[in-house]
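**Q** Sequence:
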Amino acid sequence: MQNNMSHSAAPIGIFDSGYGGLTVARAIAEKLPHENIIYVGDSARCPYGPRDLREVDGFVQQIGSWLVDQGVKLLVIACNTATAAGLVHAQQTFPVPVVGVVEPGARGAVRATLNRRVGVIATKGTIESGAYSAAIRNLDAGITVFSTPAPRFVEIAELGIRMADGPLESFMSEASKVYIRPEFQKIAIEYLEPLRRCDVDTLVLGCTHYPLLKSLIGGVMGRKVTLISSASETALDVAETLARRGQLAPDDNEGLWRFFTTGDDVEAFQRFGGRVFKTHLENVSHLDLP
Numbered sequence: 013m014q015n016n017m018s019h020s021a022a023p024i025g026i027f028d029s030g031y032g033g034l035t036v037a038r039a040i041a042e043k044l045p046h047e048n049i050i051y052v053g054d055s056a057r058c059p060y061g062p063r064d065l066r067e068v069d070g071f072v073q074q075i076g077s078w079l080v081d082q083g084v085k086l087l088v089i090a091c092n093t094a095t096a097a098g099l100v101h102a103q104q105t106f107p108v109p110v111v112g113v114v115e116p117g118a119r120g121a122v123r124a125t126l127n128r129r130v131g132v133i134a135t136k137g138t139i140e141s142g143a144y145s146a147a148i149r150n151l152d153a154g155i156t157v158f159s160t161p162a163p164r165f166v167e168i169a170e171l172g173i174r175m176a177d178g179p180l181e182s183f184m185s186e187a188s189k190v191y192i193r194p195e196f197q198k199i200a201i202e203y204l205e206p207l208r209r210c211d212v213d214t215l216v217l218g219c220t221h222y223p224l225l226k227s228l229i230g231g232v233m234g235r236k237v238t239l240i241s242s243a244s245e246t247a248l249d250v251a252e253t254l255a256r257r258g259q260l261a262p263d264d265n266e267g268l269w270r271f272f273t274t275g276d277d278v279e280a281f282q283r284f285g286g287r288v289f290k291t292h293l294e295n296v297s298h299l300d301l302p
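Throughout, our numbering is defined as the position within the sequence shown, counted from one, plus 12.
Think of the hints as simulated: they come from the structure by calculation, not from any bench.
Mixed in with the good hints, there may be bad ones.
Simulated restraints on C-beta separations [said to hold, decoys possible]:
1. 56 <-> 255: 32 to 40 Å
2. 46 <-> 210: 40 to 48 Å
3. 126 <-> 192: 42 to 50 Å
4. 270 <-> 43: 16 to 24 Å
5. 270 <-> 70: 22 to 30 Å
6. 81 <-> 193: 41 to 49 Å
7. 253 <-> 67: 36 to 44 Å
8. 280 <-> 251: 26 to 34 Å
9. 43 <-> 19: 16 to 24 Å
10. 126 <-> 82: 40 to 48 Å
11. 82 <-> 205: 26 to 34 Å
Derived lysine-lysine pairs resembling BS3-like cross-links, with alpha carbons at most 25 Å apart [to be verified]:
12. 136 <-> 43
13. 236 <-> 226
14. 43 <-> 226
15. 290 <-> 43
16. 198 <-> 290
17. 236 <-> 198
18. 236 <-> 290
19. 198 <-> 226
Since the structure is predicted, the reported quantities are computational estimates derived from the model, not experimental observations.
All residues carry an ideal CB built from backbone N, CA and C; glycine is no exception.
Given the sequences, and given the hints that come with them, work out the whole structure.
**A** See below:
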């Protein structure tokens, strides 16, 4: 087992409460095209946001253990709520490096802000955990953090992808049109106006679904506000960690992706994932977790 894990062709394990973490998986696949990836979306228990953090920590242990049994060389908790709830515990219990999405996002914000006023939008669980405020202040104690929960953005993101039926190539342009609907804008203004009034110059998209709504969020916040997606920052972290450990996959490795969903609708997951990855996903299966 140990030998398998230290092997450079071993897969990277990524998991999330459902679909949102696919934005992180895509960023990792783009940054590291030769890596094998195993992704688990826990759609059966989604969303994690409103759940008790101790319960979510239990999910992290369960899915993390399953991925470690698959021989992964590194684990990515591609969900902000699960990172806040279970990252430390996971790092203490698993024999491989565990990367969360909160710290990379916080680091991106600290580097980007000029007026040292940073906004964070996330699910209720992530905001209440204080994980982002702590991570940002840890890096720069002089930054003021303004946080607000934006729970309905998750359903808007998923609804938009389902509404934008059509060929994958046209999806990105089509999706931005879908998200600019008046009823969505009304919700966005409600969530974001208080942050605009706080004069933030940087906004952390503290939920992995939110990068899908960049056009909607950016439209309300205005051009002068930098939007930070933790997906690309996390991909950088993963690349750096594997490089330092001498565990990057060889250049002749094809990069196989395998996807598992705990939900019943494997086809819906495959369609959604295909839109996020902008290509048809071959390997999608159901995973039964007790």
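**Q** Could you check the hint for me, namely that residue 43 and residue 19 are 16 to 24 Å apart, CB to CB?
**A** holds, 20 Å
**Q** Quickly compare the C-alpha distance for residue 198 and residue 226 to 25 Å and report which way the hint goes.
**A** Given that 25 Å is the threshold and the Cα spacing comes to 15 Å, the pair holds.
**Q** Residue 136 and residue 43: Cα distance at most 25 Å?
**A** With Cα atoms ~30 Å apart, residue 136 and residue 43 exceed 25 Å; violated.
**Q** Does the alpha-carbon distance linking residue 236 and residue 290 stay inside the 25 Å limit?
**A** Status violated; Cα separation ~29 Å.
**Q** Does residue 226 sit within 25 Å of residue 236, going by the straight-line distance between their CA atoms?
**A** holds, 14 Å
**Q** Has the hinted range 22 to 30 Å been met by the Cβ atoms of residue 270 and residue 70?
**A** Since the Cβ atoms of residue 270 and residue 70 sit about 24 Å apart, the hinted range of 22 to 30 Å holds.
**Q** Under the criterion that the straight-line Cα-Cα distance not exceed 25 Å, is the pair residue 43, residue 226 satisfied?
**A** Distance of about 20 Å is within 25 Å: holds.
**Q** For residue 236 and residue 198, compute the direct alpha-carbon distance and say whether it is at most 25 Å.
**A** holds, 21 Å
**Q** Within 36 to 44 Å or not, the Cβ separation of residue 253 and residue 67?
**A** violated, 28 Å
**Q** Is it true that residue 280 and residue 251 lie within 26 to 34 Å of each other by Cβ?
**A** Cβ of residue 280 to Cβ of residue 251: about 31 Å, so the range 26 to 34 Å holds.
**Q** Does the Cβ pair residue 82, residue 205 satisfy 26 to 34 Å?
**A** With Cβ atoms ~45 Å apart, the hint is violated.
**Q** Below or equal to 25 Å on CA atoms is what counts here, so check residue 290 against residue 43.
**A** holds, 15 Å
The structure is inconsistent with the numbered hints 3, 7, 11, 12, 16, 18, although it conforms to all the rest.
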